[in-house]
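For the protein sequence lines, the chains are R and D, in the order given.
Anchor point for the first sequence: position 72 equals 72 in this note's numbering, and the numbering is continuous, going up by one each time.
Anchor point for the second sequence: position 67 equals 278 in this note's numbering, and the numbering is continuous, going up by one each time.
The hints are simulated quantities; they were obtained by calculation from the structure and are not laboratory data.
As the structure is a computational prediction, the values presented were derived from the model and not from experiment.
Check before you lean on any hint, since a few could be wrong.
[Unchecked claim] Calculated lysine-lysine pairs in the DSS-like style (CA-CA distance at most 25 Å, straight line):
1. LYS180(R) x LYS7(R)
2. LYS92(R) x LYS237(D)
3. LYS86(R) x LYS237(D)
[Unchecked claim] Computed from the model, here is a short list of chain R residues facing chain D with C-beta under 7 Å:
4. LYS7
5. ASP98
6. THR102
7. ILE105
8. VAL106
9. ALA110
10. ARG113
11. ARG192
12. MET199
Virtual Cβ for every residue (Gly too), placed ideally from N, Cα, C.
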Amino acid sequence: MTEIYGKLENEILTLIGLSVINLIMAALTIALGVNIATTAAANGIDGVGNIVVLIGGVLIGGITFAIAIYWILSVVTVFEGVIDVKESLEQKKNEKTDDSITSIIVQLMATYREKKPALELMNKISKLVGILFIAGGILQLFDMFVVGYINDQGQLVLIPSIVVMILPLAMGAACLLLSKYYAENAAEWDMRLAKSDSMADSLENITGGGQ
Amino acid sequence: MKGRRTQYEIYWEILVFCYESRTFTKIINRCDMNSKTGQEYLEFLLSKKYIALEEDEGRKQYSTTPAGREYVGIFNSLYLELFDERPDFKL
Chain R
1 MTEIYGKLEN EILTLIGLSV INLIMAALTI ALGVNIATTA AANGIDGVGN
51 IVVLIGGVLI GGITFAIAIY WILSVVTVFE GVIDVKESLE QKKNEKTDDS
101 ITSIIVQLMA TYREKKPALE LMNKISKLVG ILFIAGGILQ LFDMFVVGYI
151 NDQGQLVLIP SIVVMILPLA MGAACLLLSK YYAENAAEWD MRLAKSDSMA
201 DSLENITGGG Q
Chain D
212 MKGRRTQYEI YWEILVFCYE SRTFTKIINR CDMNSKTGQE YLEFLLSKKY
262 IALEEDEGRK QYSTTPAGRE YVGIFNSLYL ELFDERPDFK L
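For reference, chain R alone in the conformation it holds in the complex:
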C-alpha cells in the first residue's frame, strides 16, 4: 500500500515538474522570441546584415512569441488539474486505505483523460518551438560566419555574443528533449487508460451492464 502511495506521489510530482519545466521553457521562449525579432529588426535599421536574415529573424521571433503564449495556456490547463490531485493526495496522506488510494488513482485517471488534449498540445508546441529555436540559432550563426559584420574598411565591427547565438540552439535541444520525455510518459499513461477500458468490460459483466 505504501509502495503504491509512493508511486502515486512520484507520478504527481513528475507531472508537476513537467508542467513547471514547460512553463519555464515557455517563458524563456517568449523572451528569446522577442530577442530574435528585435535583434534582427535593430540590425536591419542599422543597415547591418542582409535582408534574408532580417526578415527571417523577425518572422521566426514573432511566430515563436505567439506559439509560446499558446504553450503557457496549455501548461496552465494541465497544471491546475494536477495540483487538484496533489491536494487530494495531501489530504488523504494519513489514510492509506484501499478506498483512499483508489480515489487518488481515479482522480488521476480522470484528470489525464480530461487534460490529454492539452498535454498533447504542450508536446507538439515543445517540439515545434525546439525546431524554430534551432532554425533561429542557425540563422544567427549564418549571419555571423557567412555574412559577418564587416564595415567599409574590412573590419569586423560587431560580433554578436556567443551566448546569444548558442542560446537558441541550446533552448531548441532542451525543447526537443522535453518532448521526447513527455512522449515516453504519455505511452505509459495511454497503456493505463487502455487497461482501464478493458477493466470496464469486467465491471460491465459484474454489474450486468452499465446505464
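With chain R fixed as given, assemble chain D onto it according to the hints.
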C-alpha cells in the same frame, strides 16, 4: 471530483460516499453531477441493489449495501493493479 470519469468510476465514487447515509443533494454535490444525471446513476445502482433507499423523518437517504461494497472491493483491486504492475517513472 473533477476530470473525465467513466460511468464505473462514478458508480464507485457514489458507493464509497454512501458508506454513510447521504441525501440526494449531498451525493450530486460531492460527485459533481447535475440532478438529472445523478438520478439516472442512483436509479441504476438501486436496480442492482448496490445502494438502498431509506426514509427517515421524511428525508430520503441512500446508503451502500453489502453488494455495493463488494463492487467497491472489486473496483479497488482492479484499479490498484494499474499502479502495481506498471513501473513508476520520475524526472
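Now the hints, each set against the structure:
1. LYS180(R) x LYS7(R): holds (22 Å)
2. LYS92(R) x LYS237(D): holds (20 Å)
3. LYS86(R) x LYS237(D): holds (24 Å)
4. LYS7: holds (4 Å)
5. ASP98: holds (4 Å)
6. THR102: Given a least distance of 5 Å, the restraint on THR102(R) holds.
7. ILE105: holds (5 Å)
8. VAL106: OK, holds: VAL106(R) within 7 Å of chain D, min 5 Å.
9. ALA110: With Cβ-Cβ at 3 Å, under 7 Å, it holds.
10. ARG113: This hint holds: ARG113(R) lies near chain D, its Cβ roughly 4 Å from the closest one there, short of 7 Å.
11. ARG192: This hint holds: ARG192(R) lies near chain D, its Cβ roughly 5 Å from the closest one there, short of 7 Å.
12. MET199: MET199(R) check passes; min Cβ-Cβ to chain D is 5 Å, inside 7 Å.
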